[in-house]
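K.L.:
Start from the sequences, fold in the hints, and give me the full structure.
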Amino acid sequence: MRVSIKNVKEAYQFKHKHILGIEQLSVADIFHILDTAISFKEISSRSIKKVPTLKGKTIINFFFEPSTRTRLSFEIAAKRMSADTFNIAASTSSATKGETLIDTARNLQAMNPDTIIVRHGSSGAPGLLARHVEASIINAGDGTHEHPSQALLDMMTVREHRGTVEGLKIAIVGDIAHSRVAHSDILGFTKLGAEVRVAGPETFMVPGLDALGARVCGSVVEAVTDADVVMALRIQRERQDDPLIPSLREYSQFYGINHNLLQKHSRPDVLVMHPGPINRGVEMNPDVADGKGSVILEQVTNGVAVRMALLYLVMGREGGRG
Amino acid sequence: MTTVNRLILQNGRLLDPVTGVDEKGDLWVEDGVIVPAQKEIPENSEVYDVHGQWIVPGLIDMHVHLREPGEEYKETIKSGTRAAAAGGFTAVACMPNTTPVNDCASVTQYIINAATREGSARVYPVGAISKGSKGAGLAEYGELKQAGAVAVSDDGLPVLDSQLMRRAMQYAGSHDLLVISHSEEMALSRNGSMNEGVVSTRLGLRGIPAAAEAIMVYREIALAELTGQRIHIAHVSTGAAAELIAQAKARGVRVTAETAPHYFTLTDEAVGDYNTNTKMNPPLRTEKDRQAIRKGLQDGTLDAIATDHAPHSVLEKELEFDRAANGVIGLETSLSLSLALVRDGVIGALRMVELMSSAPARILQVEGGTIAQGNVADITVIDPEKRYVFTEDSILSKGKNSPFLDWELQGKAVLTVVGGRITHNELT
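Chains as they are written, first to last, in the numbering used here: chain A, 1 to 322; chain H, 1001 to 1428.
Quick caveat, the hints were computed from the structure, so don't treat them as lab data. Note that the structure is predicted; figures quoted are calculated from it, not measured. C-beta atoms are modelled at their ideal positions from N, C-alpha and C, and glycine is treated no differently. None of the hints are false.
Listed next, the in silico EDC-like pairs over lysine to aspartate or glutamate satisfying Cα-Cα at most 16 Å (straight line):
#1 K1317/H - E99/A
#2 K1039/H - D1026/H
#3 K15/A - D29/A
#4 K1317/H - D103/A
#5 K57/A - D114/A
#6 K79/A - D114/A
Have a look at the derived ranges for each label pair, beta carbon to beta carbon:
#7 K1295/H - G316/A: 54 to 60 Å
#8 H1175/H - G121/A: 42 to 48 Å
#9 R1323/H - G213/A: 26 to 32 Å
#10 P66/A - D1344/H: 48 to 54 Å
P.N.:
Shown next, in the form of structure tokens:
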């Protein structure tokens, strides 16, 4: 049977029960999520910011690592869609009482939630949960593996400003090795046809970044040259077991993103991004963070829309659980 | 299990790396000893026609963890040696990281007594290098040896203090004990949970670089050279380490080495979707390393195949990958995976038997490793064609943590004989 491209497009159906990473998503999936997010974005600007879409659904925010903005962003997203949300932080959960992740998951499952949003320090932990519960799992950051909702909100923000992601040059500067945001962004932006360049001291690099699709640059200047987007990653203030940089002071001098650097090398309309929270004056100077190209706060706004879309899509799947 | 006076194996392919024999023939056993064949088969003989099968000296696994005493929920001497017998092994050397650590004669004696009482294979205890394997102060090698230990090792934990390792080699030499090194530079491997490379980056897991092994292997070689003593390198996983060992052997350093079936069969790609049954230390490496290990088995750089059989329960394995315990079981798959090397043309049948029997016997200075007349009747009969699916239900070890679950394997031990006593029998 012949199927025209148009028919294929119409036949598209979002079929993921879990959102574990960008790796699992096709280009069509990503566009579908971003298009859904755009349609939800308007809800957040109404005076009554609530729709009944997920009324009666139960969502658990299960955070094994401290997080303010991601947890809040998911919670707001869920509440704007009328779902019931519950928060569990690691300090109040059984994790500290020696219960295994699988046992905890089974106990949560016994309360019949529809979706569990997980942040966990161990890479792969959301996938482990997904194998042991009936609920949908959304990965809100696992170890140094993936942070898919962050990458999706980054793609949404860039797409809104440039109309497309294809062909753009995206520079990510910072601790690439230990950043799940960088990992998911590399996968996502390259899937959509952008060139992703990464830069930082060699101690921030790991083997195989090129296999993920990134272009590993020898210098920050190389990375930001003609860049459409420059993203700086938060520098961890302490990492005692493995010294990666001598000091924040030296880091900011050689790898910090500042106005002069961008003005000299990047496109005049370069977008400045940061997954937050910013160490001002370390990885990014205030002149850039607050400058005209900065879309950092739009990222936060779009984060709510993307998370509304993800919650809607995993729970509203056709033929999903009743 | 039956004890027989006389066991006769007919029409098999006799393989003996010590004598170089590779010919069709019969093997006779009387009262636990290999004897010349007679013209007439006496009454009360147990006779098997093993046409098309191999009769080889009993396989010896020089690196296993039997977990007893202290972690009997993972494995016991009884269950571990049952698994050994099913895998074609007539003897195993068990590592000292039990609770308590086997760092004294009484623990060694306990293991030997338990093995004598309820074991299905000979058990050779390996004592600790340092007291409690804490890396400071020598264990009492003289008494360990007297009690029956065949080697010393702090396996699972590298000896970080080079002076202690030097003294261990010297003092072990005085008691004619082998030192076995778990070669790992901890500063490089700390917090790592798989090989450092493309796959660890994709999965977001902290990597262990190949250099962590090579650095320590080089130290052991330098210390063996300094002291003039023997050193045996456990579970070689990298091409870099194999190359160092080859160079040292060429210089005449008294170094021997083993590798495990998972290193010549799998690569770090096998970790897949965080499968904790592929997590072990040292970790699965790259395809280039796997090829180097196969070449090392072929050219003599690597002397022995040992499993590093490390049973764990689901308590240690059904966890987040970085929190799961290291180790995989191996006794019941080692022979099949090694036979694949023969089928692939990497090594010949005699060389395989040398790697799995004669060489471990020689390195540990224990009996076995040959089926020449007059030797102890430790014998394995192998059906090289037998196909089976390795299922969790079939595993005799208490640990089910194998990366080869549900693999279709070819070649299996069908009869295992320890000192004339049949410990495993699939012949009918």
